[in-house]
Amino acid sequence: MPVVLLRSPLRDLAGGNRSLQLPGSTVGQVLRALESTWPKTTGWVLDERGAVRQHVNVFVNGERASADVSVAEGDRLHVLPSITGGSR
Amino acid sequence: MKELLVGTRKGLFVLRGDTPEPFEIVTRAFAGDVVEYAMRDPRSGRYFASVTSGFYGPRLMWCDDPSGEWEHADTLAMPTDTDATIERIWVVRVGEAPDQLWAGVDPAALFESRDGGRTWELNRGLWNQPSRSEWNPGNGGLCLHSISTWPGDPQRISLGISAVGTWHTIDGGETWTPGTKGLVPRYMPEELRETTTALCVHNLWRPPSMPERMFLQFHGGVYRSDDAGSTWIDIAAGLPSDFGFPIVGDPADPDSAFVIPMNADVDRVTVDGKLRVYETRDAGASWTARTAGLPQDDVYLTVLREAFDRDGEGDTMGLWFGATSGEVFGSMDAGATWFTAAPRLAPVTSVRVA
Chain E
1248 MPVVLLRSPL RDLAGGNRSL QLPGSTVGQV LRALESTWPK TTGWVLDERG
1298 AVRQHVNVFV NGERASADVS VAEGDRLHVL PSITGGSR
Chain R
78 MKELLVGTRK GLFVLRGDTP EPFEIVTRAF AGDVVEYAMR DPRSGRYFAS
128 VTSGFYGPRL MWCDDPSGEW EHADTLAMPT DTDATIERIW VVRVGEAPDQ
178 LWAGVDPAAL FESRDGGRTW ELNRGLWNQP SRSEWNPGNG GLCLHSISTW
228 PGDPQRISLG ISAVGTWHTI DGGETWTPGT KGLVPRYMPE ELRETTTALC
278 VHNLWRPPSM PERMFLQFHG GVYRSDDAGS TWIDIAAGLP SDFGFPIVGD
328 PADPDSAFVI PMNADVDRVT VDGKLRVYET RDAGASWTAR TAGLPQDDVY
378 LTVLREAFDR DGEGDTMGLW FGATSGEVFG SMDAGATWFT AAPRLAPVTS
428 VRVA
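In order, the protein sequence lines correspond to chains E and R.
Residue numbering for the first sequence follows the working numbering, beginning at 1248 and increasing consecutively.
Residue numbering for the second sequence follows the working numbering, beginning at 78 and increasing consecutively.
Accuracy of the hints is not assured; some may be wrong.
[What the hints assert, rightly or not] Now the in silico label distances, taken between C-beta atoms and shown as ranges:
#  : chain 1 : residue 1 : chain 2 : residue 2 : range
1  : E       : 1254      : R       : 303       : 53 to 59 Å
2  : R       : 211       : E       : 1315      : 29 to 35 Å
3  : R       : 421       : E       : 1268      : 45 to 51 Å
4  : R       : 192       : E       : 1268      : 34 to 40 Å
5  : E       : 1272      : R       : 259       : 44 to 50 Å
6  : E       : 1263      : R       : 119       : 34 to 40 Å
7  : R       : 402       : E       : 1298      : 32 to 38 Å
8  : R       : 108       : E       : 1296      : 26 to 32 Å
9  : R       : 402       : E       : 1259      : 44 to 50 Å
10 : R       : 141       : E       : 1268      : 32 to 38 Å
11 : R       : 201       : E       : 1329      : 30 to 36 Å
12 : E       : 1259      : R       : 208       : 39 to 45 Å
13 : E       : 1272      : R       : 267       : 56 to 62 Å
[Claimed, not checked] Stretch-level coverage of chain E by chain R, calculated; a stretch enters the list once three of its residues show a Cβ under 8 Å from a Cβ in chain R:
#  : segment
14 : 1270-1279
15 : 1300-1309
In case anyone wonders, no lab produced these hints; they're calculated from the structure.
In this text, a Cβ means the ideal position worked out from N, Cα and C, and glycines have one as well.
Isolated chain E (complex conformation) (with noise of 0.2 Å):
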């Protein structure tokens, strides 16, 4: 199974994991799966549309990932804030 691998507040909200190996076949698949393990996370990662939120970066094996993008056993996926986020 591909490997999420997670920061704060997103590691708090999955219960400590820094890591968690989750099933899916695409980055979105996968981000599902944290929410139904985890479910205080539904919402922080994945839009209502599934997309991944605008200021929110998943890296895939260190290639940035949109929701559609394929992922297979081992993958790494960061899940990270954007740094273009919280100007408010």
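Fit chain R to the known structure of chain E by using the hints.
Leaving out everything else, chain R in the frame of chain E:
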């Protein structure tokens, strides 16, 4: 003891005090996030906060103790069939039915909770308005910011939407009708003012003892309706400017309203460098500046639409407002005198008495 919930661009501040001097900050929550709005349901004692992370988006949080852990009301989200996303949760209002709450969000959507705020459902009557495709946002987005219930009648509700005017239901939200006759959008060409739907309502106040009456702060204009929002009468004569955001009133006096004028839409600061709350006690026929205790020299503040609230009524009514420069001002005598309740918070987005 008064408790104020002050939403700011950098978290929620809970202030407490009982004398006209700076209140104590007893809690700060959601540090770093924008708290657009916070309120307490007096029936349940439950607190609600609309929180927008610059990274992780908007969410409605609730708790029974603001210094404790908050829960995410994650059903306040656009259903997938709408192909829409919530940009901001503007307001939460107590409904007239038991355990009922209403929430107004951008994009001009209304949500209802029937279990005290734990779960929420989109109001489809408003969402499916045939004219929706013609609706245009104001500067703050396509925001449903004002929800006025009708005391004792859960079937009757009025809404203010920027920039789509006022909307009214008499069947609990199944159907909605606009109420815009008399509103004059000076920001539109003259030939379009009669027909445009781009009506930028800023805030509504409905006196509970005369619910067919409503007061409205417009994007350039202050109005009164005596027919439950169908038609509107200009009552701005006597104000130094008819631009502003919030409007509140004294529940004991249906002829009363309070506004905080700002220069104009192109210069959203207090007029003439003075901080003045204007009061009418004759339904808008005349206005009186209430300034005692408020700074009057070189004051250029902005007070946003949810940053003005009241508690109680009559001569001891409390009035409370905050500015984007971080001050919170209060009055415990219906505006006769004022004091600074908080001098240096983050930019204030909302003020509500708990």
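Cross-check of the supplied hints:
1. E:1254 to R:303: 53 to 59 Å: holds, 56 Å
2. R:211 to E:1315: 29 to 35 Å: For residue 211 (chain R) and residue 1315 (chain E) the Cβ distance comes to about 32 Å; the hint holds.
3. R:421 to E:1268: 45 to 51 Å: holds, 47 Å
4. R:192 to E:1268: 34 to 40 Å: holds, 35 Å
5. E:1272 to R:259: 44 to 50 Å: Since residue 1272 (chain E) and residue 259 (chain R) have Cβ atoms about 58 Å apart, the given range 44 to 50 Å is violated.
6. E:1263 to R:119: 34 to 40 Å: holds, 36 Å
7. R:402 to E:1298: 32 to 38 Å: holds, 36 Å
8. R:108 to E:1296: 26 to 32 Å: For residue 108 (chain R) and residue 1296 (chain E) the Cβ distance comes to about 29 Å; the hint holds.
9. R:402 to E:1259: 44 to 50 Å: violated, 32 Å
10. R:141 to E:1268: 32 to 38 Å: holds, 36 Å
11. R:201 to E:1329: 30 to 36 Å: holds, 34 Å
12. E:1259 to R:208: 39 to 45 Å: holds, 43 Å
13. E:1272 to R:267: 56 to 62 Å: Hint holds: Cβ distance 59 Å, inside 56 to 62 Å.
14. 1270-1279: violated (count 0)
15. 1300-1309: Holds: 3 residues of the segment 1300-1309 of chain E have a Cβ under 8 Å from chain R.
The earlier numbered hints that this structure contradicts are 5, 9, 14.
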